[in-house]
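Asker: First to last, the sequence lines map onto chains A and B. Mapping of the first sequence onto the numbering used here: position 186 corresponds to residue 186, and the numbering continues sequentially without gaps. Mapping of the second sequence onto the numbering used here: position 176 corresponds to residue 176, and the numbering continues sequentially without gaps.
To be clear, the hints were calculated from the coordinates, so they are not data collected in a lab. Virtual Cβ for every residue (Gly too), placed ideally from N, Cα, C. Certain hints may be false.
Unchecked claim - Estimated spans, in silico, between C-beta atoms of each pair: (1) B:7 / A:13: 49 to 57 Å; (2) A:75 / B:52: 38 to 46 Å; (3) A:75 / B:27: 26 to 34 Å; (4) B:106 / A:178: 38 to 46 Å; (5) A:8 / B:131: 29 to 37 Å; (6) A:166 / B:73: 34 to 42 Å; (7) B:97 / A:76: 32 to 40 Å.
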Amino acid sequence: MKLIRVKYTKWFNILRDGISRNNPIVVAVLGICSALAVSNKVENAIAMGLGVTFVIMASSLTISLIRNIIPQKVRMVTYMVVISTFTISVQAVLQAYFMPIADALGAYVGLIITNCIVMGRQEAFAAKNPVKYSLIDGFASGMGYTFVLVTVAAIREILAFGTLLNMQVMSVNWERWVVMAMAPGGFFVLAILIWVVRELIHYYEKPEQTL
Amino acid sequence: MRDNLRIILFVVVMSLFTSGVILGVDALTAERIQNNQDAKIKIAILEANNIPYALSSINDTFDEEINIVTVDDWTFYVNPDTGSISFEISGNGVWGPIEGILTLQDDFETILNVSILQQEETPGLGGVIAEPQYLATFVGKIFDPNFELNKDPAPNNDNEIDAITGATNTSKRFEEFLNEDYDQAKAAWQSLDE
Numbered sequence: 001m002k003l004i005r006v007k008y009t010k011w012f013n014i015l016r017d018g019i020s021r022n023n024p025i026v027v028a029v030l031g032i033c034s035a036l037a038v039s040n041k042v043e044n045a046i047a048m049g050l051g052v053t054f055v056i057m058a059s060s061l062t063i064s065l066i067r068n069i070i071p072q073k074v075r076m077v078t079y080m081v082v083i084s085t086f087t088i089s090v091q092a093v094l095q096a097y098f099m100p101i102a103d104a105l106g107a108y109v110g111l112i113i114t115n116c117i118v119m120g121r122q123e124a125f126a127a128k129n130p131v132k133y134s135l136i137d138g139f140a141s142g143m144g145y146t147f148v149l150v151t152v153a154a155i156r157e158i159l160a161f162g163t164l165l166n167m168q169v170m171s172v173n174w175e176r177w178v179v180m181a182m183a184p185g186g187f188f189v190l191a192i193l194i195w196v197v198r199e200l201i202h203y204y205e206k207p208e209q210t211l
Numbered sequence: 001m002r003d004n005l006r007i008i009l010f011v012v013v014m015s016l017f018t019s020g021v022i023l024g025v026d027a028l029t030a031e032r033i034q035n036n037q038d039a040k041i042k043i044a045i046l047e048a049n050n051i052p053y054a055l056s057s058i059n060d061t062f063d064e065e066i067n068i069v070t071v072d073d074w075t076f077y078v079n080p081d082t083g084s085i086s087f088e089i090s091g092n093g094v095w096g097p098i099e100g101i102l103t104l105q106d107d108f109e110t111i112l113n114v115s116i117l118q119q120e121e122t123p124g125l126g127g128v129i130a131e132p133q134y135l136a137t138f139v140g141k142i143f144d145p146n147f148e149l150n151k152d153p154a155p156n157n158d159n160e161i162d163a164i165t166g167a168t169n170t171s172k173r174f175e176e177f178l179n180e181d182y183d184q185a186k187a188a189w190q191s192l193d194e
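Let the sequences and hints guide you as you build the complete structure.
Answerer: Now the structure itself:
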């Protein structure tokens, strides 16, 4: 009985939308650059996904808190500054306390700043909604991103290296698909995944209206 | 006019606040980050020399076990017990700088260890350069007079190892600066004897 009611609560809908119907990568096609760059090994994909999720949630929290006093004209700059602040903090904390993860992610942590998903959620959601829902929305978008990243990474890692999370899953004689480790492999897998997911959730883009 | 004032005030307050946050984070983490960087070099050198250490007392162990010799721009880390010599190597990879530590035996020719401290190569391809299994293939090889990362399938000579599959450019650049740094370091080291 309770389960059925959960389906109609706002937070559940926000959560579900972020992961499926409004998935930032599959539906909005945001954050593609980093999705291609860090998705050839599952461990990097997980770390990057968590980093992005944290930055979205922290930025959404802040923006949502001050949403009523941000002047309309400088709102984009405000988002940018807030996002940068959190990204720099994440980078510093990783380097100080989680050196191996910081090493593995290299320059990508800094690039969270340029991830359009973060900016997109601030403009589309956090700037208009209360803190509680902004946090859930940030979490949902982050998880949607992480889900796609990890799925693509799992396919690429298995084909490119015969491993999953660095454990051997294919036979030792597995012929490595080197192309899967490089950018073109990311494009192929991501495109196929986007197609499959869009079919599953019946999301079709309408043809543009021509005059 | 009032609106503009409000915007300016907001921007100033926001800048002060975010700068404050960043300064705070920096104050909390800067020392640790610097220590981590220093520790990375020390760990690499101690491990290359097979000297056991504990992370908590790494500075003391390093000071006790390793002598530091500076010649021109080169810093050599010498193990007085075995005579082995470590020094930093660095150069450009495909996507960014590669930095590492090269440790040679007392003949200044035989490789005892190569470790990579920093690299931004393609994960899984050029990134293999930092993997222990790959770095292990350097051990025991000799600079004669130079070193090669070899692409041909013929068996490797004493001064050759296999290049990284699928990462021709990383291999080539690494080979280049490894040899360059070795030549310069060797000249500096020999000037010490004269």
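Asker: Does the structure break any of the earlier hints, and which numbers would those be?
Answerer: 1, 2 and 5
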